[in-house]
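Taken in sequence, the protein lines are chains A and B.
Residue numbering for the first sequence is 1 to 421, as defined by our numbering.
Residue numbering for the second sequence is 1001 to 1269, as defined by our numbering.
Don't read these hints as lab results, they were simulated from the structure.
Every residue gets a Cβ at the ideal spot worked out from N, C-alpha and C, and that includes glycine.
Be aware that one or more of the hints could be misleading.
Claimed, not checked - Covered stretches of chain B (in silico footprint by chain A; criterion: 3 or more residues with CB under 8 Å from a CB of chain A, positions within the stretch not fixed):
(1) 1079 to 1089
(2) 1171 to 1183
Stated by the list, open to error - So, partial list: chain B residues that the calculated Cβ filter (under 8 Å) puts toward chain A:
(3) S1132
(4) Y1134
(5) S1137
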Amino acid sequence: MIALSVYLAIFIGSFVLIRIGLRRWRARHDFTSLKTVTFGDESAVRPDRAASIISVVTIFLIWGAFTGSKWAPVHVPGPFLGDTQFTFTVEAPDGTRDDATVFARVQPVGESAATPDVPPNAGFAQDDAVTVAAMRSSLVIWDENDAINRTDGARVVAVEGQAVAPGATVNTQAGDVTLTARGTLNFAPAKGMQMEPIWLPAPETVLARAGEIAATGYQNFTLWEHLGWSLYRVIAGFALGALVGIPLGYAMGLSDWFRGWFDPIVEFMRPVPPLALIPLVIIWAGIGEAGKIILLFLAALWIMTIAARSGVSGVAIAKVHAAYSLGASKWQILRHVIVPNSLPEIFTGARVAMGVCWGTVVAAELVAAEKGAGMMIMVASRFQLTDVVIMGIILIGIIGYAIDILMRIAEKWLVPWKGRI
Amino acid sequence: MSTLSIENISMRFDLPNGSHVQALQDVGLTLNTGELLSILGPSGCGKTTLLNILAGFLAPTQGQITLNGARVNGPGAERGMVFQQGALFEWMSVRDNVSFGPRMAGQREAQWKGTVDHLLDVVGLRDFKDKSVYELSGGMQQRVALARCLANEPDVILMDEPLGALDALTREKMQGLVLKLWKETGKTIILITHSVEEALLLGERLLVMAPRPGRIHREYHLPFAEMGVQQDLRSVKKHPEFAARREEILSMIWDMEEEIMGRSAEATA
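Chain A on its own, in the form it takes in the complex (with noise of 0.2 Å):
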């Protein structure tokens, strides 16, 4: 609630910082900074940059903020650290009462501390001291080294002067203490609004996990390779899938028998999701590379099936009338009209099929690999290494994203009359 108003805030604040205070600086006067009409028409809403900038800026931020990260300025207040006392009260089976106080020191976890010294006092309660990691609990035998205990009868009525029924929590200045059931006291330091690094480490342990793994490896394959094989596999498997797919789009698009024959085959597999069909995968290829690369040969396979497809029934039938009336036979028409023609679809067709095989790599290699990107992140997370986990899901992101990006360069060298016809 709190990271999502603060996300708020700078999304409207920096709005109204860059886009009105800023406005005369960034005043721009090409062509379509004149249009008036902005609001409906696309091609007027050109990415404000500084705003991606800003975007990107504030999820580091927040998340340094939240996880107590040196990088973030402001932090959101932490656990708390250091030593703490509450009182309690205990009564005897007679009814007299005594006060008596337990001295807590909280330490960072995985970090250990003394155990405060506590001098004796009068009466029959005796001050208790412990020692608690930041963010746990732990419990309070109050009557360990009284005089009288709980087996006596002696039970506890009141956590710092208010009265307490087992099972009831008192919320004290040094965190919360409930009263058990079984009539000892648990102890949990204040938490603060920070995660724990166990949920979300700071961005810089993610980047420091990332550079030792980059060093050593993880799981017995450095980095680069647990990437590399994932990447592997997705352009093998798309390979295969579009050197079999657009051979039979085309068909399907150039012969009525193809077309009937493989219809009811191609628009039943195309609605499967490929991360169906990885337990079959599995059953018929087993767990190595054969049943990876068999899955992405059939994630591949439909998309670009159709998109050779569409990319035949794309072409104007004129060019086709005119390259008949040119002289030219089936094959050249194939080779000089229709396989250009269609070659901007396919281009679609690939990077669709390209994401669409990144996502099933990693599901796949999250399910059962040996080495992989998802299998890296699926490993830590059994250790609960969720710095490697994090780190997984951003170099994924960035693949694909890159991955995504070439193809677009590619279809910019390669067709370059796309959407110019």
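Could you slot chain B onto chain A? The hints should help.
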């Protein structure tokens, strides 16, 4: 002497609802080499169907087409076609478009280079030969289409409203170019148009077709194409006979349109 003869062509096909369409009925015509024929008629009179049959893209249900005695059976390089638009190959340069026919026929560059360069000169696109066709204006694209068709040296050139998508000024210039090419190359040209003026200017012979079923309504032999070769097209249009013919044909087509309207009104009533 090459002759294109259209021998009593009829074309009739079934519709999914069980009825049928008589697109053409008993269309017959003979054309000699170097004749320029324009075909005019209201929409639905089957003129594009006729042209597609001539090109070999459609098969007639009766009758046949022969060119130089040989029966037309499918498309062929001896019958070139110029389309209204969108028939150029965007993935090729202007030069590759124009040389497409010779290249498909297996000619080497040395064999077609002269013709192609000459044609690019004639249509005024010498400086644009390495450009992509999508970089050209509509009028330039149609000039590429004309040059591409001529480079293949067909016996007959079929034009399906080749100037229909151009603006009035470009269209007038292109009409002059078509006449010039006709005279220079001596090709037989059949041109379909919606514009009465264009049909008069670009038709030594002019065929007015009537719809439902598509048939030849009337044929004219006109002097304007010859006149247009020698003088400015605008002065041809000022000729009193030109104006008279235009009025005559316009009212003829108006009558046909009204008849169709009346018929469909009856059908709905």
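If any of the earlier hints don't hold here, list their numbers in rising order. Hints 2 and 5 contradicted; others consistent.
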